[in-house]
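Could you slot chain E onto chain C? The hints should help.
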Amino acid sequence: EACSTTEDGDEPLLCPTGYECHIISPGNPSAGIPNRGQCIKQRGNSELKSAMGEFKVHRVRFFDYIPSGIRALAFNQDTERIAVARMDGSVEIFHCPDRCFQEKIIPGREQCGIEGLSWVGGRLFSAGLNGEITEYDLTNQKVKYTLDAYGGPIWAITGNQQGTHLAVGCEDGTVKLFELIEDTIQFERNLDRQKSRIISLSWHPSGSKIAAGMMDAIQIFNIETGHSIHRMLVDRGVGTSRSRECVVWSVVYLSNGTIISGDSVGMIKIWDDQTGTLIKSHFITKSDVLALSVSRDEDSIVAGTSEGTVVQFQFIAMVLGKDDKEWVRTRTFKNHTHDIRAVAEITTAVVSGGMDTHLVVKPLLDKIEVKSAASAFRKICFPHRRLVSCAKKSGLMLFQYTGHLELWKLGESEGQGMPGSSLLIKKNPEKLLHLKLKGEDHIRCSAVSPCGEWIVYSTASSLRLYQLHCANNNVSITKISNLPKVLSSANQLCFSSDSSHLFSASTQSVHLVSLSQDGCKFVGTLKPKSGSHQAIHLLAASEDGKWLASANSDHEVHIYNLQTLKAHCTVPVYSSAVTAMGIHPTTNCLFMMHADQQMFEYSIELKQYTDWSRTVQRKGLHSLWLNRDTPCLNVMFNPQNPSHVILHDAYMLCIIDQSLPLPDDKALFYNQLTLKSLPEKQRKSQSHAFKVCKTFKDILCVELMSDQSLVVVERPLEDLATQLPAPIKQKKFAT
Amino acid sequence: MVEKSDIRVVRCGGSKINLRPSVFSTDSRFVLCASGDSVKVYSTRTEECLHSLQGHTNQVTGITLNPANHLQVYSCSADGTVKLWDFIDGILIKTFIIGYPVFAICVSEKHEGIIFLQLSMATNSKSECLQLVAVHLPKSAEQEVEAKELSAVCSHISSNPSCTALGRGGEFIAFARHLQLNVYFFRKQKTYSFSLQATDKKGAKNAFTCVACHPTDDCIATGHEDGKIRLWRNFNQKKEYTYSTLHWHHNAVNTLCFTPEGTHLLSGGIESVLVQWKYGADNKKELLPRLGGAILHIAASSDGQLFCTSHSDNKLTVIESNFKVCGVIQGLVKGDDVLTDLMIDPRSKALVLNGRPGHLQFYSLLRDKHLYNLDIVQQEYIYEAGLDQFEVVKAVFDIKGSWLATVEERGRKSSDLEFFLKLWAYDEKTQSFVLNTTITAAHTDRIISMCFSSSEETTMLVTTAEDGQFKAWCQGADADTQQDQNFWSCDFVGSYHNLKPTNCSFSADSSLLAVSFQEVITIWSPETWEMLTTLCQPPGEIRDLCFGRLSCSKYLLSTTNRNLCCWNLLTCALEWSTSVEVSKLQPDPLSENVAAFSYQSKHTDLFVFKPSEPRPLFTHKNVCSEKVHRAVFVPQEEPLNNCDESSQWLNRSQLYFLTQNMDLLTFNQATEEDRMLSSSKRLVIDDSVAVTPFYLLLGKHRQQQQNLNTPSYTGADKPQQPQGSATIKELLHTPAHVLPAASVLCSMFVNSLLISKTGVREEMESSEQEMDSEKEEEESEEEMEACDSQQELRAQGSVDEVTPKLSKAQEKELKRVRKTDFSWMAGLIDSKP
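Protein chains in written order, with UniProt numbering: chain C, 1 to 735; chain E, 1 to 833.
Next comes chain E alone, as it looks inside the complex:
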């Protein structure tokens, strides 16, 4: 009965970038990390995301540089494939199909053509144990190759990939599990294993947590649950092995990493302190404290100049070798739970939710980039188990985005509850929210919900609390604070039969306020604070409440744990109701559509409907297997024009939702995705080697010219504008640091605007072809230097110097193009003040 729709649930943005250790490129200009289904390439200097290597269909579980070619990277994924990428240009080179979900990858220079993968044990896929297999990569020119030559190296290895490490030059592999460290020597094909007691005399826990091998010496460093680090030596003997112990961490060591020279050992744990031990002089250590979340992984660049730590708050920190933090790459921070709703900042269109403890984070979904943190609590956060800290539990924006109201509270579990209501004003100067009013005792009990009025003129905040009251807050209405009109004070206190208010909602024009008191909806007029009417719900406490928008503004929707009801406010009668358990009701602010997530028989379904008609516009069964409590409509960057009825609701805004596993998912249209994918693929096919964005720009341009040179001259009269604007778009979309000098670009920019004369072209053709052959030679060398392309560019520039004569029509065209471009630029300047 599944409705035939091409709308799919996809993971979109905000993925974990701390799942696996990141990888530095050999020149340490880029840092790569696995992020959801893709591999992201960040610049270490600008912290900007360069590419997202997309192609995997499931979680990427490991990345590693190709030892044979330092410009290539292997990535493995739970979808059972290993892909080889050119990460500089973001091109998929090869796909190796393994056929089993892969959990980790490691390679070594010594083992050419072999990669080591961690797969789950074939016998029982449910057990936590993995096995390490060596995979011979078949040498085939095809893009997709099935790798069949699997040979098991060792079995029963830990499911934690940091418990496995290749030793000095790939001579041996060390893997630890629980209390046993095993070392397998490839040459001798012999395993030595060393076990520890579960606890020592002092009761410390000895289980292994991570393993690292020294790059030049035969020394294995292991981290333990009790915070000890052991350095194992002489491990090719059963008895005479020896280890020394380093101890600074007071809790489990999460990760260990030797610097490439082997002079230092880095370790990290829950303390969020990076510890650098001097190898050989065990007492000397350096500490880099206050890095944020717990350190999960550490990676070192091959020249030892940079370290990259992955933190539990979805963050990568790039640290120089002199222990100075030089860059932070922040992903979407996801704690154990999102207490605030998912919100959209009306100004920046950023997703706003709980971030670091005591903060709100602003996250751009379109760019998949963390924008900034807003410190709400403004108190030092102390990492300590069991310490009850202030948490932001509620946050809401007004319709213009000029006001933000937050509620922070502490001591919810214990009896002594403390909470503050804070109001933040948007400051144009600092482009940020500034604390305006702190209300210490807004209510006598905790605040359940709050909302801003949706009118443009006056802003009003309504809060409902467990003390049975709802309060309306206005700016400067209080007589005591008349000297400054900006502060917020209480305007009205309302209650209804001492019932506990649960939810509140303003109608679209702010003329009505609906407050639900358990099973009763009360409608108030905010102007006069007069209760207009009450609507009695079928039995059940009201969960969600929302007014319809636009053409459906006469409707009020409410949900209980059994029903979804739609009230007609004109008739004050129930318009329709269905018995469905709705866990989240989310209206689209830009259309009449309302999305309802309903949890039934262990999976969540989505219904999108208009309040005016009980028939859903769109149904998606089995969105996910958990309950959905948080969802948000994000306005589309540019409206789509889908004609298909089932996907029309996605035209204006996109629906994002958060599952209980803290996965941020969205609905995407297959056709659109395919289009995007195919466009990128086409680019890839066009020039399969060494595609820099700059080259792409150039190559496309030239291709266009070649097209013009083809015998059918009809294209010559075609308006040049689309191509030109595309070039400019490329130019503007490419990060500044990968662009060539402006002087170089200038001529090309102008060229793109010019209409070439075909007569000259003909003569040019031969030379053009010569250049192509040159180009092919370069391709065979596999590496193409940037200077070459620049020279080429200059050559081309000189060719184009022959001034073409313009027809009047063409001149007009040119003017038009210039005009449009100019406005475009202006728009750009406006949007980026």
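Chain C on its own, in the form it takes in the complex:
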């Protein structure tokens, strides 16, 4: 087609590769009016279909998922869990020894910017610019209560090591102390009010003093009297305008009386609290030092800067064997492209997060005894939950964003193609529905029924069920009112395979609701006989509608009989969290993937592990498999070939053929290419159970549809990076 980029009379230009035609105002070819438009970069939100061996694959790239930037980190030494607060107000709990599996997600709310996060004992508190202190109920994965501090926006929150008090720094210049009492906190007192806002706080480990970072100054308060002991002025930057205040973004108070501060001038300053004098200052960046964290032994400090670097300082004896130690700048890590808003030095690693939304776990090699997959470098880009649910039978996909849902219909393609080739698209994918939430809360979970008729989602406070009507291109939904009372909120939602029932997991139990055209009816509640009170994060229903499995964050997996509505059995508890599970359609075996990449198959009828699972455990898995760093997110079964189990994580798609032998550690793990080159006879002896496909990258979801096509939802990280705000401009050598 001729377009405005085409000269009069010329042949129509083709958009260059990687670009596509974007027609702004269509012309009239018959009247000679060309289209007006431009070549734009392909956003990849056109669905590509490619034929791949056995499956037709829908490559979906139009899920515009953007994770939220990381604002705060808190590490709990006792439980070894990291709490991560994001810009959208959500709080996530990662379990460090279990390969940093994202155990819990507490969705945020609109207008709830978290500024600080603090563990006090086993309790997690956050405070934000809305001026409220929030405590979280971690078992039920929701907000326990919020409390207004009455001091304006809160910039910092920190609890003392004794676990008795919580201090918050407010916009009005007060440091407010709250006493922790059973189930709640109580305001105790204000420390001396300052003129400027309190940006950062740090308790002395003894709990008797607190250091507060402000504009241009650091103040030390005595907790007993509430009066200031010292006021230390921080220099404004050299070369910057004098009027620009120096913000002390972060302070750390050490037990030997040293205070370390990081400020907007780019300096790390080391102060003495006895005299209130500056001991040493290190210039580490031209922009801001935004976060500081000290190791448990107080021999190392990490600082996050807005250039995306983490700088480590260590307390080192300058002369070996002497006690005379100094803070020396040692390592620099650059794993972020954007500002680092939060750092935490945990036992064996440095965890950092920032505006580029990735959580990076950089192991400190000198602290690690044995190098293993558990202590490897990790960059966590995507949540360890599924954000996409597919209606297998009707080819619909439901995308879960924080504040809305999108329902898309998959495209259709023409005929057959060679394996590996891409097919022509006959019909483009179509966005059927954009469902915007009302209220402040963000979506916690959502699901679309396999038939595509029902959509359900839940926030922390409410659950909505919709019926979808599709008639000649007209899509309409009706909200189902008068839901049973049990469906007030859900932690996880799931439909039965025939779409007749909805399973809604509340904290410990699963409610069963039957769906019909008339509406829904509460059928019953499934409760485990015993076990923990942790919330359920995974549900799996069997194809024949007989069984339901639920997994909770205490790694327990319960199996319920849906006919008797009773708990059937409990799978022996494994030390690592379940990341994905599925019930085999024919054998009714529960297939479970764990965060440490182990896999188990449990026969529901026999209530024991299957022979194959035992073989796997006996022989062990290949080290390359165990060293993968993202958890498997879905377990699917190929109805055409019952021995095939399909798994996927963020980087690959894997088919496990249970009929083939398992690879031992010496065997070539990624052997598809070598197999191809081998003659037919040898191929058999060389092949093993794992077939890995790395064609796709940055996978959010893979689902096998009823028509034997695979839906692969990708979210390329490069696309994500382009949608983030621009990072600080840094001069690079030779540019």
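No wet-lab data here; the hints were simulated from the structure. Just so you know, not all the hints are guaranteed correct.
[Claimed, not checked] Using 20 Å as the maximum straight-line C-alpha spacing, the simulated DMTMM-like pairs for lysine to aspartate or glutamate come out as follows:
hint	chain 1	residue 1	chain 2	residue 2
1	E	Lys238	C	Asp366
2	E	Lys239	C	Asp297
3	C	Lys325	E	Glu530
4	C	Lys371	E	Glu240
5	E	Lys239	C	Asp366
6	C	Lys325	E	Glu171
7	C	Lys362	E	Glu240
8	C	Lys322	E	Glu286
9	C	Lys731	E	Glu171
10	E	Lys239	C	Asp299
11	E	Lys238	C	Asp235
12	C	Lys322	E	Glu240
13	E	Lys284	C	Asp235
14	E	Lys284	C	Glu326
These figures come from a predicted structure and were not determined experimentally.
Relative to the frame of chain C, chain E by itself:
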């Protein structure tokens, strides 16, 4: 069959002074550096060479101050010895014979009586690995001691000596090789090693290039190939070691050096920028750019006031601690190749050759000192790999040294060749060459050779080029430039059957010009530009062409790759020819002699002959193992009078030649050398301690007096002149900055001219002896201060105040002495305008 001759090939002058880091004396008044077979002591203020500590017979590979006595220095050499010197006075104190070639030395205060040497691994001397051994120096009074107590400290260390460094107070030694850093603690006798990945994720090369240790803290700085500097700490643990990284250099870090206080770290590399990092505040750095060649070594004086950087262009730069360059000590610049011939500037008698890129350097061989650089290209040189820069490829002086012709070219490798012919006139006022004419398109293709006419009256330049023409250039012959007669223009263009001219040469009286065209020599008359005759060579392209001199001026010599031919120009017939492959033919401008270097069966032989007779005067087999393409006769300062036939050719001028390894070698007579050596040795034996030049002067004088006082009075009547003039010579040869005040010298100067009366002497003798005993006491204290000697001098001056009566003959003698001295001085003034 080797001819029995006492002429040897010796390394002479122009040695590398950048091979090893230089060393500052404790008072930072002197800087010492290894230079060839000797150690040179330079003054940091005047940049003048004070002494050359000679005695090693092979390359000096390391120097270090004796920690026990800061006036002494250890030097080690590939000849397998370690020598201890008093560098202030230039005296060899002791020689320790190790027996193996030594590659580097380090010492520490903590390890008394031990020096650490790097030797090659005993098992296979060919491998690049060295081992570090501790040598216990035996305490013996003898001058030459064999050090037998060797104990290996560590093996497999890098062959680069800057990869090994002693740590804080000698507690540990750090040595790096390839990708591994090892730290050996002497007390615990334990080695910790840390290795790096060959490349990091970004593909940077991590191999170690140098190591330095902090003087007070336990911190090791290492330089890497990718330009990073790592500061290692906590290295007494296998796991908890830590390092921080500094990165400014974009290419390998050649050297690192902590300042003595440990407050700063200096680093240098190919960028020729000295970088000073503030220790502890890693971001703060200071840069000193544009230092010339790549920085190879950095040394800091013990008070931290001065730094000395060694550069790849054979230069030492002395830098103050406030980053100001305060001195440059330039050695003979040797690039990868010398494109110009070796030449002698007829005025200054300096050796002229390619120096820094785009420059000609003038180097005084006699003083072994770089005189100055002449910028030929006059364009900024940019250090960048692969950039094609203008290079001076040809240069030639006329016979008086008043004209210099140069050719610079660019793009020889690529097709687009650019070249300029430049003519430089000597300016008496500025004592330098000034650009007179630039000829942009002298020829259409590159110039192969050029020469000036040798006549005194008219200067003429002849160039031959690949375009098949030779051109003669004259001053102001062109009609267009008549307003100024000084410019050069083309006078004649000649060619011969479109053959490519290869070489040209003027006869000694400039009446004939010989131009060789491949296999044909054409003889032209420069007056009429008429071709006189052609001489047809036996097959082979002509390489070198030269006329005989003086009595042999009727001969023309030519070489091909197989033959050396001598033509008689009177008969136009071949006089004689020999089949020898001559790589370089060099006539001596002061005699009839011609030197021919011939390369045969992997070594070069030298023949010196007169064109008149085919029998060589002198033959030296196996001069070196490489081809010799550059050689030059340098006029002797004063003619020698050797009677020996084989060495007679060295009487007027000395032959220097350059091997392909860029070693400047010369032929020297053993007898002469021995004489020089013995004279210096005698001085050393005379007063083995604390000999300053001034003291030497004084002591000699006194000795003379003592001689006079000996019972045989016959010496009293001896003419005093030789002794006096020797004293004056000493006086004049001593650098001005080490001389005492002129007032002090004056009386002595006069004294030296006076003839002492013996009668007075007798009384003096006792007091003289007393002074000697005093002197010995001082010697036992090992240090003698300059003021003492001055006092002594005054004492002596007062003694001499007793005016001696002069006989008439003596008075005459005195007058004569004064006269001669005066003329001497005048000569000196003339020569140093």
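Practice task
With a cut-off of 20 Å on the C-alpha distance, tell me whether lysine 239 of chain E and aspartate 297 of chain C pass.
Solution key: Between lysine 239 of chain E and aspartate 297 of chain C the Cα gap is close to 16 Å, so the pair holds against 20 Å.
Practice task
Take a quick look at whether lysine 239 of chain E and aspartate 366 of chain C sit within 20 Å of each other, Cα to Cα.
Solution key: Judged against 20 Å, a Cα distance of about 5 Å means the pair holds.
Practice task
Starting from lysine 322 of chain C, check that the Cα of glutamate 240 of chain E is at most 20 Å away, please.
Solution key: It holds: about 16 Å lies between the C-alpha atoms, which stays within 20 Å.
Practice task
Would you check the hint for lysine 239 of chain E and aspartate 299 of chain C, treating anything up to 20 Å between C-alpha atoms as holding?
Solution key: Roughly 15 Å separates the two Cα atoms, so the pair holds.
Handout entry: Pairwise hint evaluation, glutamate 240 of chain E against lysine 371 of chain C, where the allowed Cα distance is 20 Å at most
Key = 15 Å, holds
Practice task
Would you mind confirming whether the straight-line C-alpha gap from lysine 284 of chain E to glutamate 326 of chain C stays at or under 20 Å?
Solution key: 18 Å, holds
Problem - Holds or violated: lysine 325 of chain C to glutamate 171 of chain E, with C-alpha atoms at most 20 Å apart - result: 19 Å, holds
Exercise for the section: Assess, step by step, whether the Cα of lysine 238 of chain E is no farther than 20 Å from the Cα of aspartate 235 of chain C, and give holds or violated. Expected result: Distance ~40 Å between lysine 238 of chain E and aspartate 235 of chain C Cα, so the pair is violated.
Problem - Restraint status (C-alpha distance of lysine 325 of chain C to glutamate 530 of chain E at most 20 Å) - result: 90 Å, violated
Practice task
Sort out whether glutamate 240 of chain E lies within 20 Å of lysine 362 of chain C, counting only the CA atoms.
Solution key: At roughly 16 Å apart (the allowed maximum being 20 Å), glutamate 240 of chain E and lysine 362 of chain C satisfy the hint.
Handout entry: Restraint status (C-alpha distance of lysine 284 of chain E to aspartate 235 of chain C at most 20 Å)
Key = 18 Å, holds
Problem - Holds or violated: lysine 731 of chain C to glutamate 171 of chain E, with C-alpha atoms at most 20 Å apart - result: Outside the cut-off at roughly 42 Å; violated.
Taken one by one, the earlier hints fail for this structure at numbers 3, 8, 9 and 11, listed in ascending order.
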